[in-house]
Amino acid sequence: MASKTRLSLHVPEPEVRPGDQPDFSDVVIPKAGSVDRPPVDVDPREIRDLAYSIIRVLNRQGEAVGPWAGTLTDEELAQGLRHMMLLRAFDARMQTAQRQGKTSFYMQHMGEEAVSCAFRKALEPGDMNFPTYRQAGLLIAGDYPMVDMMNQIYSNESDPLKGRQLPVLYASKEHGFFSVSGNLGTQFVQAVGWAMASAIKNDTKIAAGWIGDGSTAESDFHAALVFASTYRAPVVLNIVNNQWAISTFQGIARGGSGTFAARGLGFGLPTLRVDGNDYLAVHAVAKWAVERARRNLGPTLVEYVTYRVGAHSTSDDPSAYRPKEESEAWPLGDPVIRLKNHLIRRGLWTDERHKQAEAEILDSVISAQKEAEKHGTLHSGGRPSPRDMFEGVYETMPPHLRRQRQKAGV
Amino acid sequence: MASKTRLSLHVPEPEVRPGDQPDFSDVVIPKAGSVDRPPVDVDPREIRDLAYSIIRVLNRQGEAVGPWAGTLTDEELAQGLRHMMLLRAFDARMQTAQRQGKTSFYMQHMGEEAVSCAFRKALEPGDMNFPTYRQAGLLIAGDYPMVDMMNQIYSNESDPLKGRQLPVLYASKEHGFFSVSGNLGTQFVQAVGWAMASAIKNDTKIAAGWIGDGSTAESDFHAALVFASTYRAPVVLNIVNNQWAISTFQGIARGGSGTFAARGLGFGLPTLRVDGNDYLAVHAVAKWAVERARRNLGPTLVEYVTYRVGAHSTSDDPSAYRPKEESEAWPLGDPVIRLKNHLIRRGLWTDERHKQAEAEILDSVISAQKEAEKHGTLHSGGRPSPRDMFEGVYETMPPHLRRQRQKAGV
Amino acid sequence: MPRMTMIEAIRSAMDVAMGRDDNVVVFGEDVGYFGGVFRCTQGLQQKYGHTRCFDTPISELGIIGTAIGMAAYGLRPCAEVQFADYVYPAYDQIVSEAARIRYRSNGEFTCPIVIRMPTGGGIFGGQTHSQSPEALFTHVSGLKVVVPSNPRDAKGLLIAAIEDPDPVIFLEPKRLYNGPFDGHHERPVTPWSKHELGEVADGHFTVPLGKAAVRREGAALTILAYGTMVYVAQTAAEEMGIDAEIIDLRTLLPLDLDTIVASVKKTGRCVVVHEATLTSGYGAELAALVQEHCFYHLEAPIARVAGWDTPYPHAQEWDYFPGPHRVGEALIETMEA
Amino acid sequence: MPRMTMIEAIRSAMDVAMGRDDNVVVFGEDVGYFGGVFRCTQGLQQKYGHTRCFDTPISELGIIGTAIGMAAYGLRPCAEVQFADYVYPAYDQIVSEAARIRYRSNGEFTCPIVIRMPTGGGIFGGQTHSQSPEALFTHVSGLKVVVPSNPRDAKGLLIAAIEDPDPVIFLEPKRLYNGPFDGHHERPVTPWSKHELGEVADGHFTVPLGKAAVRREGAALTILAYGTMVYVAQTAAEEMGIDAEIIDLRTLLPLDLDTIVASVKKTGRCVVVHEATLTSGYGAELAALVQEHCFYHLEAPIARVAGWDTPYPHAQEWDYFPGPHRVGEALIETMEA
Ligand SMILES: Cc1ncc(C[n+]2csc(CCOP(=O)(O)OP(=O)(O)O)c2C)c(N)n1
Ligand SMILES: Cc1ncc(C[n+]2csc(CCOP(=O)(O)OP(=O)(O)O)c2C)c(N)n1
Ligand SMILES: [Mg+2]
Ligand SMILES: [Mg+2]
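Chains as they are written, first to last, in the numbering used here: chain A, 985 to 1394; chain B, 985 to 1394; chain C, 158 to 494; chain D, 158 to 494.
Careful, some of the hints might be misleading.
Said to hold, decoys possible - The calculated lysine-lysine pairs, modelled on DSSO-like cross-linking and capped at a C-alpha distance of 30 Å, are:
1) B/K1391 - C/K204
2) A/K1308 - D/K422
3) A/K1391 - D/K204
4) C/K422 - D/K204
5) C/K204 - A/K1391
6) B/K1105 - A/K988
7) A/K988 - D/K204
If you're looking for bench data, these hints aren't it; they were derived computationally from the structure.
My request is simple: use the sequences and hints to build the entire structure.
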């Protein structure tokens, strides 16, 4: 008979809190190049260990090493750096714009730029992302006009979403970017549905779902995995593990599972874990997973290991719950600097050209911003009409909404 | 670059349909006694293979073999047989009662009797089950009065639930049987909450959650595993895989995951798969999992491999979707016959005593039924009052309900 | 014209829609091989193949979540939730997603899905097979909500719903599947084959969303009803000998307010009837609208007859169900007020 | 008496409840170490330990599902949903489980849980930080629904809710957290420290569930409001110079109908105001009840002022929000009708 121990509740706590010394010594970082690259038609049961490792390409010396290296040309690498720098500059300007009251709210990507920028380059036209609010790199690397992003953030008269949606919750069919929901998780399973539709129609397009580490706890995550696994939907299911969910460290969502990627094992899915701060590794893994989907081999679950350097949003102040220096202690480094160093090492880039590029990029962002501000910002200048508020609830406005619009006098 | 295969949707289908020859040759059945019994404080990572195997004790010869044997005394075994026979007789009478119009609906356990009957014997007073509609064995083996079960099924004047609840959705705090919901899955996560509460209060009681194979697709399953894993709740999470969810074969819910048990691996939970038609194996595994919980070692996920021999409910006719002979082809046999044979083999039982016991049990069920029917059946005799319909929505009846009751004139 | 039960009419609607448009797909729990627990999808998998009509895992969230994704791709999913009582796990996907995708994306993406669900009581289904959750959808901007009361409407409305560019909640009063039910549970039900509205054209036709039907003309009082309550109301009016005008709303959102207002202005009295619990039921909205638009024509307070504010009980079903007796009492009270 | 903001009052309520009863536990997303995104639980983990106040995974279903299990054990969970807009994933657990457990088990098990959620608009929160879903709960038998409008009530009602034996939906109008907001967004808000109802006793006290408060006596017209709209209504009445009686409902379910009926019988006119979308909003129920109970005293149709029937827009927040101008118009119309 079992002894009658007094039970107690285990509540996971992060190792450190404000005032403590940041410590990532428990994070095991495999050497770059050390993880095998299986063929895309591998039996998922043979690669379960990939859910507990980290695929990395760039080593400390800035070299691209191992079986996952070599998916990008020199030109593509330079372009990748430019995209990440652009996203970072864009973020910085928009953060400031929010502080200046030009919009209500902003969410930046600092530290996570490689994930969405590199993933985008593994897709083809017609593919569809179901992103969260922290994948603007999909738009930037897909050459979506930055002015339109700003118009959306400003909710101004040229906002493609007519002021209806919170800042950064973009939508563009043409750019393969599904309307971002403010509700966490919901879109993960929608991505599976989109992919199922493509399969039903014997199309060639694939879908990508996106979710944060914290949001994997939501029900939609489970539904997505169940449906993807059952119907072998051509979808790449991406978990961006940036270590934090607002103030909550990833241990609360992860529980005893070892890694988020491990969640895929229970569904028989091939499941990969990748260095999210390594542009080359992200691209290589994305390409692998996309190819699987494209070849009708079914879904892949990918966990990007990265770190949210900035605040959760402009409404958040992380110094209340984590040491200020934590991001600097983060062992996977900064994605921009790592790619920059790689390009320099390869002789494709220099510190001077980097500075110059930074300046050019800043210029281009500023000029986009000027252009956008001509059309107004949240509280001044051109704004969407109150009429737009009544439009688009349905394709055709029903009588009760017409009556209400009339009452509103617009 | 990936080749542009035309995609296609994979829709899992069972091997056989009505008219086909039943075929379970793909179901791998390990030999009884062949699976190791780890210590209860084992590191879950060391026993991942148990999620893909089947723990079995009774072999074809009716012997109890291997490391999981020996958790029950002779007397307990005989009692176990009696419980299963009682449940089966009870089911048969209530099925008939439904056909006679004495109630609206019934759900039987045929083939699955060992699961709930044996599990109950691993619990202690004060522990709490969060059952589905197919675990009446928890009540039978816990000596809940059969007349009360019938009163509930008949929705008669003595129905402990006052006619409010569908037949078989019993509730009894004293008997550790939480109010069964008609909504699938919901209670799995409630079991985790109950267990967390016990841990918060430094109590010694543990909880058990129950879910069907089909219902593992519901969101509550995921929430249960997330919370159980994070807070190491003292709970046993039971999946009863009876191969069918109404007309839907288990392959639809399972997808590519290999087994339902495998779902636990992504949460770092110890996960066991057991022969659900083997009373001894069920008890041994239940005991192991209960002890883990009791010793504050955290949750365990258990999959019971069994077969729903009868129709889903009295509203269902399985001949429309599976071969009639499928249950006979089911390789794990009948739980009652298997335990009976074991007892006979051990010299504790004979065919004659079995027949005699059957007759006695039938008598006791019939006399309980007579007693219950004195208090009425759904459409005749004593019935709960319409007043009862207005009571118990809240502890204290609010004014609007008082007004409505008045209006109803009751 | 062929006679159909409501089940056959619903099946025929999906058959016609699938036949005309490859993008129409049908799925849900037990919907594929078996043809649905009420057999509404019987034969569709055989006819259109298992990628256009298929079984799903038991996850209402997953059913609706994937339907939304499919619709974004360009399909027209017609998904079944096995009982309306089981729609809540999908409620977030419906309310936060389906209903708002067109709006929030300014039409970049749309969500033409239909969610079919058997609804209502009268079958001794207890708390989990009897609910009428329509008001939980009429409060949600971006949804349309339909409740047919007969085979002909069911087919025409369902085709219209599938062809509609926006998400439609399609509630099928299960007590009407086989015949009109007036709440006299002690009497046998006449099958649809004996009822005029059981005559349903074979091919394609639609009944437009947003248009009510006057089922019975009358001068003394207006009854607003939908689904099963249409027949309860008819019987109550006949039994009480009241010259009631009975409006079958058919679509709750958008509502055919003009037909309602015209009738109440004519009769000066109004009774609203539904199966759902009273408080915050759709009857509240109807009463609020009628008093707003017909205030100066009203001769009596608008009465609501509805399910009591309790969970749907099993044994006390006929005490709970707002049958002809209770409706009749309200008619008398309203006439005498 | 100490002055508190609404946040401090809510925190104080939980503090008092936790101090008096070991069974009270508090949890939700970001609720533990950090103290909640609105800081309502700040300091509670430090004071009561991390097994009585803790962070949860981001699963509203899991938060409420485990709360129900804890309540069945005997605890009194007070769970936070970060924004009311995010309650839908837990809707099934609330509607199908929490609300019905006492009933369906005939009291064998009960569900004394409180679900706290910041609600309402006015903070440029767009579609997902602005909703007012109260009517989706008032339709559910077995729930109680509370909406405080000031710090004193917030504390008293929250303690009453935690002590209540049944599940309570506790909606906190986030626009009132720091001060009364009357919809004049262009003006600075007076902090609670300058408002009489910011005076909140330190220890234990309750404001009973089910009792409304008359915020302003008047003879010309009755305004029914709750949450933020109480201040909008006051300002509108003042600006329009109308002698309105303003009833702050405080509890929507069970409703204090007596207070309402007495007032409307006195004034003969009624305007209902809420932020939630109009159709099937709680105003529909209020209008239906008022016309039923006060028909012969009504001199004008009951008007409803509410959010438009669209998702909550971002840029057009002040076109959407039913501010003093729109309420004022309705007052005039109702007076002149
Ligand atoms: C359904 C729902 N619940 C809660 C929230 C509030 N919320 C917004 S972001 C966030 C944290 C998300 O963390 P994670 O998934 O790790 O994504 P990250 O922000 O780190 O990219 C929370 C709790 C929400 N938006 N939706
Ligand atoms: C939320 C919900 N969805 C659907 C149903 C309808 N339903 C009742 S039982 C059942 C099948 C359940 O199968 P499984 O979980 O395998 O349990 P089993 O009946 O085999 O024991 C379904 C779909 C329900 N009761 N609740
Ligand atoms: Mg995160
Ligand atoms: Mg099953």
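Legend entry - Violated hints - listed by number, lowest first: 1, 2, 3, 4 and 5
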